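Trainee: Each chain, letter by letter, is given below.
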Amino acid sequence: MLRFIRRRVAQSVIVLLGVTLVVFTLIHLVPGDPVRVGLGIRFNEATYLALRHRAGLDKPLVMQYFSYLGHAVTGDLGVSFQTGQPVTQILFQRLPATLSLAVTGLIIGVLIAFPLGVLAAVRHDTWIDSGARVISQLGVSVPDFFIGILLILGLTGTAGSLPPSGYVSLTSDPVEWGRHVLLPALAVGLVAASILTRFIRTAVLEELGRDYVRTADAKGIPAATVLRRHVMRNAFVPVLTVVGVQLASLLGGVIVVEVLFAWPGLGLLTYQAVEERDYPVLQGTVLLIAAIFLVVNLLVDLLYAVIDPRISLR
Amino acid sequence: MSEPVFSVRDLRVSVRTRRGLASIVNGVDLTVDHGRTLAVVGESGSGKSMAMLAATGLTPSGVRVSGSARLLGTDLRTMRARQLRAFRGRHAGFVFQDPLSSLNPLMTVGRQIGEAYQLLQGRSRADARRRAVELLGQVGIPDAEQRVDSYPHQFSGGMRQRVMIAMALACEPELLIADEATTALDVTIEAQVINLVTELQAKLGTAVIWITHDLSVVAGMADDVAVMYGGRIVEHSPVDELFEHPAHPYTKALLGARPRIGDRSPLAAIPGSPPNPLRLPPGCAFYPRCPVRGDARCATELPPLAPVGHEHSARTFYADVADAVPGGSTS
Amino acid sequence: MTTPSAQFTEPVADPATAATGDAAGRPGAGSARDVARVLIRRPLALGGLLVICLMAVLALFGTQIAPDGENDVDVSQMLAGPSAKHWFGTDELGRDVLSRVIIAAHASLEVSVVSVGAALVAGVLLGLLAGYYGRFADSFIMRCMDVLFAFPVMLLAIAIVAVLGAGISSAMIAIAVVYTPIFARITRASVLSVREEVYVRAAVSIGVPDREIIGRHILPNVAGPIIVQTSLSLGFAILTEAALSFLGLGVQPPQPSWGAMLYDARGFVEQAWWMAVFPGLAIVLTVLSFNLVGDALRDVLDPRRRTQLEAAGRP
Numbered sequence: 551m552l553r554f555i556r557r558r559v560a561q562s563v564i565v566l567l568g569v570t571l572v573v574f575t576l577i578h579l580v581p582g583d584p585v586r587v588g589l590g591i592r593f594n595e596a597t598y599l600a601l602r603h604r605a606g607l608d609k610p611l612v613m614q615y616f617s618y619l620g621h622a623v624t625g626d627l628g629v630s631f632q633t634g635q636p637v638t639q640i641l642f643q644r645l646p647a648t649l650s651l652a653v654t655g656l657i658i659g660v661l662i663a664f665p666l667g668v669l670a671a672v673r674h675d676t677w678i679d680s681g682a683r684v685i686s687q688l689g690v691s692v693p694d695f696f697i698g699i700l701l702i703l704g705l706t707g708t709a710g711s712l713p714p715s716g717y718v719s720l721t722s723d724p725v726e727w728g729r730h731v732l733l734p735a736l737a738v739g740l741v742a743a744s745i746l747t748r749f750i751r752t753a754v755l756e757e758l759g760r761d762y763v764r765t766a767d768a769k770g771i772p773a774a775t776v777l778r779r780h781v782m783r784n785a786f787v788p789v790l791t792v793v794g795v796q797l798a799s800l801l802g803g804v805i806v807v808e809v810l811f812a813w814p815g816l817g818l819l820t821y822q823a824v825e826e827r828d829y830p831v832l833q834g835t836v837l838l839i840a841a842i843f844l845v846v847n848l849l850v851d852l853l854y855a856v857i858d859p860r861i862s863l864r
Numbered sequence: 004m005s006e007p008v009f010s011v012r013d014l015r016v017s018v019r020t021r022r023g024l025a026s027i028v029n030g031v032d033l034t035v036d037h038g039r040t041l042a043v044v045g046e047s048g049s050g051k052s053m054a055m056l057a058a059t060g061l062t063p064s065g066v067r068v069s070g071s072a073r074l075l076g077t078d079l080r081t082m083r084a085r086q087l088r089a090f091r092g093r094h095a096g097f098v099f100q101d102p103l104s105s106l107n108p109l110m111t112v113g114r115q116i117g118e119a120y121q122l123l124q125g126r127s128r129a130d131a132r133r134r135a136v137e138l139l140g141q142v143g144i145p146d147a148e149q150r151v152d153s154y155p156h157q158f159s160g161g162m163r164q165r166v167m168i169a170m171a172l173a174c175e176p177e178l179l180i181a182d183e184a185t186t187a188l189d190v191t192i193e194a195q196v197i198n199l200v201t202e203l204q205a206k207l208g209t210a211v212i213w214i215t216h217d218l219s220v221v222a223g224m225a226d227d228v229a230v231m232y233g234g235r236i237v238e239h240s241p242v243d244e245l246f247e248h249p250a251h252p253y254t255k256a257l258l259g260a261r262p263r264i265g266d267r268s269p270l271a272a273i274p275g276s277p278p279n280p281l282r283l284p285p286g287c288a289f290y291p292r293c294p295v296r297g298d299a300r301c302a303t304e305l306p307p308l309a310p311v312g313h314e315h316s317a318r319t320f321y322a323d324v325a326d327a328v329p330g331g332s333t334s
Numbered sequence: 027m028t029t030p031s032a033q034f035t036e037p038v039a040d041p042a043t044a045a046t047g048d049a050a051g052r053p054g055a056g057s058a059r060d061v062a063r064v065l066i067r068r069p070l071a072l073g074g075l076l077v078i079c080l081m082a083v084l085a086l087f088g089t090q091i092a093p094d095g096e097n098d099v100d101v102s103q104m105l106a107g108p109s110a111k112h113w114f115g116t117d118e119l120g121r122d123v124l125s126r127v128i129i130a131a132h133a134s135l136e137v138s139v140v141s142v143g144a145a146l147v148a149g150v151l152l153g154l155l156a157g158y159y160g161r162f163a164d165s166f167i168m169r170c171m172d173v174l175f176a177f178p179v180m181l182l183a184i185a186i187v188a189v190l191g192a193g194i195s196s197a198m199i200a201i202a203v204v205y206t207p208i209f210a211r212i213t214r215a216s217v218l219s220v221r222e223e224v225y226v227r228a229a230v231s232i233g234v235p236d237r238e239i240i241g242r243h244i245l246p247n248v249a250g251p252i253i254v255q256t257s258l259s260l261g262f263a264i265l266t267e268a269a270l271s272f273l274g275l276g277v278q279p280p281q282p283s284w285g286a287m288l289y290d291a292r293g294f295v296e297q298a299w300w301m302a303v304f305p306g307l308a309i310v311l312t313v314l315s316f317n318l319v320g321d322a323l324r325d326v327l328d329p330r331r332r333t334q335l336e337a338a339g340r341p
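Quick note, the sequences are listed as chains C, U and S, same order. Position 68 of the first sequence, counted from 1, bears residue number 618 in my numbering, the numbering being contiguous throughout. Position 328 of the second sequence, counted from 1, bears residue number 331 in my numbering, the numbering being contiguous throughout. Position 216 of the third sequence, counted from 1, bears residue number 242 in my numbering, the numbering being contiguous throughout.
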């Protein structure tokens with residue numbers, strides 16, 4: 551197992567380096583001079599030169615990359631072309647909002663998908679199963695922001711009492727936070743539920759078809775107990791890992807929902823950075839989100855290896 | 004003689020597949036008495052496993068079963084699902100072919116062995132564990148106290164099968180059904196496992212149904228043999244009688260097809276292949292491959308299972324043709 | 027065992043069993059018939075196919091079919107709800123929403139088809155190189171694909187459009203880049219499974235040129251899973267384009283695409299629900315159709331999925 555861990559971690563490191571390379575290259579793909587473009591109409595020779603220097607753009611290309619890498623490792627991701635604020639600071643200001651949205655959305659997704667998926671697997675080949683599959687097919691085909699729009703139509707303004715946008719942090723006022731997070735989390739969560747239902751159904755169905763379940767049935771164990779003790783316990787790990795991966799992808803996938811609901815997280819930040827041509831900030835968000843995505847995927851894989859006794863006890 | 008432990012009447016099993024209705028078991032009757040061993044022998048496709056699974060209610064959904072199957076006098080086929088489970092768990096034990104896939108890989112062996120004991124007989128966890136250790140000892144696994152907390156993949160193939168046997172006998176069932184239990188094992192391990200079952204059977208008085216395709220296994224351990232072909236029993240006889248005076252051409256061909264030490268003549272295989280369950284022939288199922296074809300009715304009429312000797316019956320029209328050539332060469 | 031994170035990016039069809047062809051690697055003669063048979067038994071998938079055809083027709087002939095032009099303005103009816111004259115209502119400029127939805131099919135489908143087409147070509151090429159030539163080419167190419175996989179889809183797409191400048195071509199390039207890795211992975215897996223087949227090694231040993239081996243033996247086996255993935259990707263590409271256009275980064279006004287119409291509708295959600303709902307429904311319908319068809323195709327091209335019953339038919 552140790553070999554597996556080593557190999558997997560090494561792979562992640564290489565990929566992470568690749569990611570930094572891509573992120574670094576982004577700023578250089580901009581047609582024209584990125585700083586000039588970033589400053590736009592606020593162009594000012596002195597600011598231009600200062601920002602250019604701060605972004606390291608006056609050094610040769612290869613040196614730039616290593617300098618970028620070196621700074622990134624110490625937490626320095628440059629400064630915003632717009633505000634001059636250190637990018638890292640901005641990122642960590644915005645991170646909690648995205649986290650609270652992604653986690654809430656995931657919880658909603660799991661609460662829906664779990665019973666639905668298990669039921670569909672157990673009542674395999676009945677209308678419950680077909681229904682669950684159609685619903686999850688539908689959910690995967692809908693853009694999350696469209697669900698958001700429908701929710702806004704249905705539950706805000708004259709139709710309802712929930713706010714259509716805005717943010718209150720969890721720590722300052724949980725109730726208000728709850729009111730504000732509900733709609734975006736639902737938009738995100740319903741799509742996540744659709745994806746998760748499919749996986750949970752498949753995982754449970756696979757276990758149900760295994761020989762040891764037949765053995766447990768033959769032994770006389772009551773059906774519900776077989777489901778709980780054998781099937782669910784064995785399906786738990788694959789399901790958990792799917793949930794983990796889903797969380798990772800949500801962190802990057804909430805961008806559009808954040809924009810729709812004006813939820814000030816990393817997603818909205820990314821969008822704003824694009825609009826404002828604030829390339830250092832854009833690089834920062836892309837790097838952070840991709841890195842988190844990578845790390846979560848890695849942790850999920852490692853968790854799988856650790857929990858399965860067939861692998862860990864060898 | 005008291006009532007048999009297990010008796011099956013006119014069991015039929017079919018499955019609707021994409022290409023039509025497959026008739027896998029076509030009218031099987033058999034009986035097993037207390038403490039006796041019945042071997043059910045046949046090639047793959049003969050319906051032998053399916054028959055036993057169907058009789059005990061372990062077939063997947065979508066499989067159609069008819070007929071009766073009485074365990075200790077109660078018809079399993081008429082019981083409701085929940086009752087059937089409990090009853091079957093208490094009075095029948097199962098050993099399946101592949102112990103690695105038939106055991107839960109993420110649960111210790113001890114918990115699996117003791118599970119039924121604990122749940123069906125209302126015992127405590129500690130009691131169940133003690134019983135598991137006891138059983139592991141009985142099936143010949145050394146260091147039972149330690150090994151009871153091991154996982155299935157930590158045992159060798161033969162040991163795993165012993166674990167399955169331990170699990171099957173946990174509630175001291177009156178009937179043990181072993182479905183190709185030694186097929187995947189080496190010959191020496193196979194012999195050990197068979198001896199183990201025979202010993203335990205003698206000790207506990209359990210009736211055993213041993214499903215196999217291997218006649219040599221049968222010789223050493225069965226009391227009675229039922230030979231199956233095309234979803235039907237084609238010969239039923241006490242074991243010695245079967246080997247000395249086989250009546251059905253198929254049985255003779257099977258006996259002739261076994262390699263014998265010292266015999267250098269080419270292996271006599273049975274030409275052709277088993278019947279297609281989607282399209283069973285109208286008469287005797289073995290007719291297309293039969294080297295004898297001794298009666299005009301063979302092709303069109305299904306021979307009934309008729310007595311040909313003491314407690315010996317065969318499904319053929321010409322059991323008294325003494326010199327049908329074993330080995331399948333056409334004359 | 028595929029690692030859990032790979033579940034999301036591993037090929038959706040198992041290429042090892044997708045070979046429906048005979049030993050010479052030619053695609054099974056019955057496969058077209060199998061496709062038809064599966065579609066008939068799955069009315070939803072058949073419906074999906076019809077919807078796709080309908081959308082294709084709209085994409086090609088939308089301007090002729092639509093009652094009004096995409097920018098025709100009916101000044102008397104701005105922000106008017108659905109009515110007999112304007113079935114889907116009008117937008118803030120008085121444009122007929124129904125006509126725009128019909129005409130928008132063109133841009134939405136064009137982006138999807140072009141970008142997935144490019145991703146397919148690039149991905150298959152890279153996958154072939156990686157799988158066939160192995161070792162260094164394989165490691166290098168697949169590491170690059172891993173790097174691309176490390177980005178959430180929307181994030182990478184937005185970043186690419188950000189540097190290239192908003193617009194329909196940037197969107198196409200971005201989506202093509204984002205969807206290339208999955209095609210590469212599927213192709214590579216297929217190639218690896220077939221490369222070791224005896225008939226391929228025989229062909230190599232007698233000196234058949236690489237190009238011919240790839241063309242006659244390997245490509246037919248890759249076809250199945252690629253077709254399945256193409257159907258699914260076409261659907262997801264529409265979603266990605268919609269998201270990009272909704273952010274104002276994709277198709278630019280006044281050209282309509284379904285996503286761009288949602289962008290226009292942003293400010294009027296409360297007053298004119300029809301501006302958002304109808305384009306949205308068009309998206310859902312189309313993507314759903316691609317998904318249903320893709321799933322049905324997967325059943326045909328992934329024969330490993332035999333029914334439990336057929337397996338139980340063996341005692």
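Treat the hints as calculated values from the structure; they're not laboratory data. Some hints could be false.
[Stated by the list, open to error] Away from chain C, derived, C-beta distances all over 12 Å, residues of chain S:
| # | residue |
| --- | --- |
| 1 | P108 |
| 2 | R242 |
| 3 | F272 |
[Unchecked claim] Covered stretches of chain C, going by a simulated chain S footprint (3 or more residues, C-beta under 8 Å):
| # | region |
| --- | --- |
| 4 | 643-653 |
| 5 | 753-765 |
Quick caveat, the model's predicted, so the values are computed rather than measured. Glycine included, each C-beta is placed from N, C-alpha and C at the ideal position.
Trainee: Taking the hints in turn, state whether each one holds.
Mentor: Status of each hint after checking the structure:
A cut-off of 12 Å between C-beta atoms confirms that P108 (chain S) is not in contact with chain C; the least separation is 15 Å. Listed as a non-interface residue, R242 (chain S) keeps its Cβ farther than 12 Å from every Cβ of chain C; the least gap is roughly 35 Å. For F272 (chain S), the shortest C-beta to C-beta distance to chain C comes to about 6 Å, within the 12 Å cut-off, and the non-interface label is violated. Given as covered by chain S, the region 643-653 of chain C fails the check, having 0 residues with a CB less than 8 Å from a CB of that chain where 3 are the minimum.
Proximity of the region 753-765 of chain C to chain S, defined as three or more residues with a beta carbon under 8 Å from a beta carbon of that chain, is not established by the 1 residues found.
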